[in-house]
Amino acid sequence: MQVSPTKSDELQMLLNLKASLNNSKTNVFSSWTRENSVCSFTGIICNANGLVKEINLSQQQLQGVLPFDSICALQSLEKISLGSNSLHGSITEDLKNCRSLQVLDLGGNLFSGQVPDLSSLRELRILNLNGSGFSGSFPWYSLENLTNLEFLSLGDNPFDATSSFPAEVLKLNKLYWLYLTNCSIKGQIPEGISNLTLLLQNLELSDNLLSGEIPAGIGKLSKLWQLEIYNNSLSGKLPVGFSNLTNLVNFDASHNKLEGELGELKSLKQLSSLQLFENQFSGEIPEEFGELKYLTELSLYTNKFTGSLPQKLGSWSDFIYIDVSENFLTGPTPPDMCKNGKMTDLLILQNKFTGQIPDSYANCKSLIRLRVNNNSLSGTVPAGIWGLPNLIIIDLSMNLFEGPMTPDIGNAKSMGLLILANNQFSGELPAAISHASSLVSVQLSSNQFLGGIPESIGELKKLNSLYLNRNLFSGTIPESLGSCVSLTDINLSGNSFSGEIPESLGSLFTLNSLNLSNNKLSGQIPVSLSSLRLSNLDLSNNQLTGPIPQSLSLEVFRKGFDGNPGLCSNNFRNIRPCSATSSNSSHLRVLLSCLAAGLLVLVISAVWLLFTKQRLKNLDHPLKQGSWDMKSFRVLSFSERDITDAIKSENLIGKGGSGNVYKVVLGNGNELAVKHIWTSNTSTDRKSLRSSSAMLTKRDFRSTEFDAEVATLSAVRHVNVVKLYCSITSEDSNLLVYEYLPNGSLWDQLHSCKEIKMGWELRYAIAVGAARGLEYLHHGFDRPVIHRDVKSSNILLDEEWKPRIADFGLAKIVQAGGGDWSHIIAGTHGYMAPEFGENKDIVYWVCSKMTSKENALDLADSNISENLREDAIKVLKIAMHCTAKIPALRPSMRMVVQMLEEAEPHKLTDVVVVKKEGGASPDEKLKATSIFDLST
1 MQVSPTKSDE LQMLLNLKAS LNNSKTNVFS SWTRENSVCS FTGIICNANG
51 LVKEINLSQQ QLQGVLPFDS ICALQSLEKI SLGSNSLHGS ITEDLKNCRS
101 LQVLDLGGNL FSGQVPDLSS LRELRILNLN GSGFSGSFPW YSLENLTNLE
151 FLSLGDNPFD ATSSFPAEVL KLNKLYWLYL TNCSIKGQIP EGISNLTLLL
201 QNLELSDNLL SGEIPAGIGK LSKLWQLEIY NNSLSGKLPV GFSNLTNLVN
251 FDASHNKLEG ELGELKSLKQ LSSLQLFENQ FSGEIPEEFG ELKYLTELSL
301 YTNKFTGSLP QKLGSWSDFI YIDVSENFLT GPTPPDMCKN GKMTDLLILQ
351 NKFTGQIPDS YANCKSLIRL RVNNNSLSGT VPAGIWGLPN LIIIDLSMNL
401 FEGPMTPDIG NAKSMGLLIL ANNQFSGELP AAISHASSLV SVQLSSNQFL
451 GGIPESIGEL KKLNSLYLNR NLFSGTIPES LGSCVSLTDI NLSGNSFSGE
501 IPESLGSLFT LNSLNLSNNK LSGQIPVSLS SLRLSNLDLS NNQLTGPIPQ
551 SLSLEVFRKG FDGNPGLCSN NFRNIRPCSA TSSNSSHLRV LLSCLAAGLL
601 VLVISAVWLL FTKQRLKNLD HPLKQGSWDM KSFRVLSFSE RDITDAIKSE
651 NLIGKGGSGN VYKVVLGNGN ELAVKHIWTS NTSTDRKSLR SSSAMLTKRD
701 FRSTEFDAEV ATLSAVRHVN VVKLYCSITS EDSNLLVYEY LPNGSLWDQL
751 HSCKEIKMGW ELRYAIAVGA ARGLEYLHHG FDRPVIHRDV KSSNILLDEE
801 WKPRIADFGL AKIVQAGGGD WSHIIAGTHG YMAPEFGENK DIVYWVCSKM
851 TSKENALDLA DSNISENLRE DAIKVLKIAM HCTAKIPALR PSMRMVVQML
901 EEAEPHKLTD VVVVKKEGGA SPDEKLKATS IFDLST
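In this note's numbering, the protein residues as written are 1 to 936.
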């Protein structure tokens with residue numbers, strides 16, 4: 001016979017709970033004392049008999065292990081609400097004693113282990129275990145007894161995969177909320193889903209392993225207002241009867257293999273958000289979509305839609321977002337999508353749209369992204385569009401636009417990317433462009449702009465790339481261009497610039513590429529250019545005279561001096577030698593430059609030594625345990641101490657430019673990779689800290705940008721992007737905890753001293769996987785994420801050889817100081833072609849190989865068979881598209897994935913990767929046979 005607990009018993013049980021959560025950073029337990037009645041405890045509600053009925057402590061920063069032996073001894077307990085805390089440990093079998101429980105909310109915690117049998121909790125109405133860290137097999141069988149369930153949320157837990165859709169769920173006919181996203185459910189959605197007809201309003205099955213067709217029975221869920229089934233492998237057409245879901249507000253079936261037309265959706269008049277991107281839908285977009293009065297978000301990109309967009313689209317609603325890119329749509333742009341002034345994104349790129357941009361968009365001040373590139377649009381751009389105050393990206397490239405860029409551009413205070421390449425724009429570049437102070441990239445290539453570059457251009461301090469090539473510009477290049485201190489790329493080729501090359505360009509210490517070819521420039525090459533670390537220099541076909549500076553007399557630049565009969569050099573055979581006088585003068589200049597550089601090195605070295613001595617005095621002891629702050633982004637089965645205790649030399653597995661990497665083996669056998677990020681302000685500091693002892697040293701500042709950036713990256717969820725579990729920070733250190741991938745990097749596998757068999761099928765699969773990861777980062781995430789350092793050493797391989805994109809350059813993000821576009825180019829959100837970064841690698845390497853007429857396939861393994869060679873050529877052609885000299889001609893990652901999928905090998909033959917004597921370096925071999933270094 002069970003004895004009912006007394007009030008004193010319940011007091012002790014609650015004090016046991018308080019003791020278990022004693023490390024919590026909260027004052028919620030201040031009222032939990034023996035002097036107070038349990039009914040006055042914060043978060044506790046009692047019944048009429050004074051016994052504990054509810055525990056409500058959600059979002060209270062609780063930490064610790066729940067003592068279910070004490071909790072479930074509260075026999076009148078009907079509700080446990082402990083969601084959104086940092087509770088850990090396992091859920092013990094004592095949970096079965098909570099027989100009166102109606103509400104169990106443990107979602108958003110850090111538990112580990114399996115969910116115990118729930119069969120005895122027959123009174124449960126609400127069960128929320130979402131995102132709580134549970135693993136292993138979920139006890140689906142226990143749901144048969146939970147016939148009163150109304151709310152079931154089990155998503156975002158790494159459960160073991162089911163063999164089929166759990167049939168027990170289909171018997172819960174009182175459900176109004178079913179959330180099973182990302183919990184490893186396999187098989188088809190059964191017809192029996194229609195058993196949930198009575199009350200079901202929300203059905204979420206996304207991010208699983210579902211396949212087959214959407215069952216017709218789903219059309220019977222007449223009360224459904226949200227249906228989320230994205231990121232599965234569903235196929236076939238939308239079933240007949242889907243049109244019966246007349247209460248549907250949000251529908252997301254993106255990233256599947258669905259096909260057919262959208263006729264079943266045209267009567268769903270309550271639709272607000274429709275996301276069907278990355279499928280194989282076809283036919284015309286129903287005209288009825290233009291009459292949807294609540295539609296605010298429409299995302300249909302990467303399908304096969306034809307015909308025109310409904311011209312009334314957005315005219316009835318507070319339309320916010322449209323992305324119909326990469327289809328086969330034609331006709332004019334609907335004029336009223338920003339009628340109510342709410343639209344932020346107008347993305348219709350890579351279609352066949354015609355006509356002009358409607359004048360109405362000149363007043364769309366809410367617009368942030370305007371991308372209409374790669375269409376057949378024409379006419380002049382409405383003047384107001386140039387000056388929209390919130391516009392960050394405007395991409396009009398690859399169209400037939402004409403007319404001038406108006407002075408309104410000066411009002412575009414937020415604009416970062418101005419891309420107008422390959423049109424018929426004309427007129428002068430307005431001086432007001434210098435007032436668009438956020439500009440990072442200006443791409444005006446292949447137009448008919450004329451006149452000079454405004455002297456005021458020097459005011460653009462964040463400008464990173466300037467492409468004015470193939471226009472009708474003339475006059476002198478202004479000295480003020482040297483004031484654009486962030487420039488890395490300048491291309492003014494194919495114009496009629498005259499006069500001398502400005503000396504001020506030599507002060508652009510970040511400049512990587514300078515192309516002034518095919519102009520009318522005269523005078524000598526400024527010696528100031530010698531101080532630049534250029535990877536590309538082209539001054540060909542001008543009227544330059546005098547000696548080529550010694551430091552620029554490199555073979556890699558030789559062709560960049562062609563077509564200048566007045567130049568001389570004693571280093572190039574095809575250029576006339578300089579006279580003794582000019583040669584001596586040149587040598588003197590070089591000597592003076594070397595002396596100055598030597599003195600500078602001595603001064604820097606002395607300062608560095610003094611600074612290092614001072615830093616050594618400030619070395620602190622390892623931090624106390626209590627000073628760590630752990631922010632989890634996924635389910636965790638470890639504490640910060642498990643991580644910090646493992647940061648020792650014997651666990652070191654790698655060193656990089658941004659920190660050391662350690663392998664951590666947890667008590668349960670799970671393996672993690674931990675990156676210790678350098679946090680110094682200077683590169684010299686970073687070098688002094690790089691040691692296998694991983695001493696966590698005192699730093700001078702705490703970067704608030706670090707938390708913001710890590711929080712953004714932590715939201716990334718894709719099978720081909722490495723998982724970031726948590727960040728662990730203190731005033732002394734930044735640690736990032738990732739999943740551990742046992743097969744190392746792709747570079748390791750391709751360049752091992754052993755002979756490693758990697759069949760073409762595996763190579764191809766790795767290429768496709770890496771491309772899909774980049775596609776998600778560029779197009780599938782809420783805000784585009786630019787990696788900026790994609791290379792074979794940053795492609796990691798799991799135990800099944802599936803690729804993960806890793807190393808997001810967080811060391812540079814840690815040191816960023818501000819949320820403007822200059823730091824976006826340093827590698828976070830937005831769009832960026834490779835040449836906008838600090839280094840030149842794949843683009844210029846490919847161009848140099850092709851211009852030298854070297855067959856890139858000769859760098860591949862000679863054991864590749866003829867059949868395999870044809871497959872390799874297909875992939876190489878895709879790589880060539882990705883490395884086109886003109887950024888606007890490069891495909892998006894969506895297109896890359898599509899092209900790679902179409903290049904699937906017909907005959908899979910093993911390839912042996914071996915080291916060759918001489919010839920190309922391992923890096924060059926990899927770049928010639930893969931697309932892994934492409935980041936656009």
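For the record, the hints were derived by calculation from the structure and aren't laboratory data. One or more of the hints may lead you astray.
Stated by the list, open to error - List of simulated lysine-lysine pairs, BS3-like, C-alpha gap at most 27 Å:
#: 1; residue 1: Lys269; residue 2: Lys223
#: 2; residue 1: Lys171; residue 2: Lys96
#: 3; residue 1: Lys18; residue 2: Lys7
#: 4; residue 1: Lys186; residue 2: Lys223
#: 5; residue 1: Lys339; residue 2: Lys257
#: 6; residue 1: Lys174; residue 2: Lys257
#: 7; residue 1: Lys25; residue 2: Lys53
#: 8; residue 1: Lys257; residue 2: Lys877
#: 9; residue 1: Lys257; residue 2: Lys874
#: 10; residue 1: Lys559; residue 2: Lys520
#: 11; residue 1: Lys257; residue 2: Lys802
#: 12; residue 1: Lys304; residue 2: Lys365
#: 13; residue 1: Lys339; residue 2: Lys269
#: 14; residue 1: Lys266; residue 2: Lys220
#: 15; residue 1: Lys53; residue 2: Lys7
#: 16; residue 1: Lys266; residue 2: Lys186
#: 17; residue 1: Lys237; residue 2: Lys257
#: 18; residue 1: Lys186; residue 2: Lys174
#: 19; residue 1: Lys223; residue 2: Lys339
Unchecked claim - Pair by pair, the computed Cβ-Cβ distance ranges are:
#: 20; residue 1: Glu150; residue 2: Ala216; range: 48 to 58 Å
#: 21; residue 1: Gln59; residue 2: Arg641; range: 19 to 29 Å
#: 22; residue 1: Gly113; residue 2: Ser31; range: 26 to 36 Å
Cβ coordinates follow ideal geometry from the N, Cα and C atoms, glycine included.
**OP:** Starting from the hint list further up, note which numbers the structure goes against and sort them upward.
**Re:** 5, 6, 12, 16, 19 and 20
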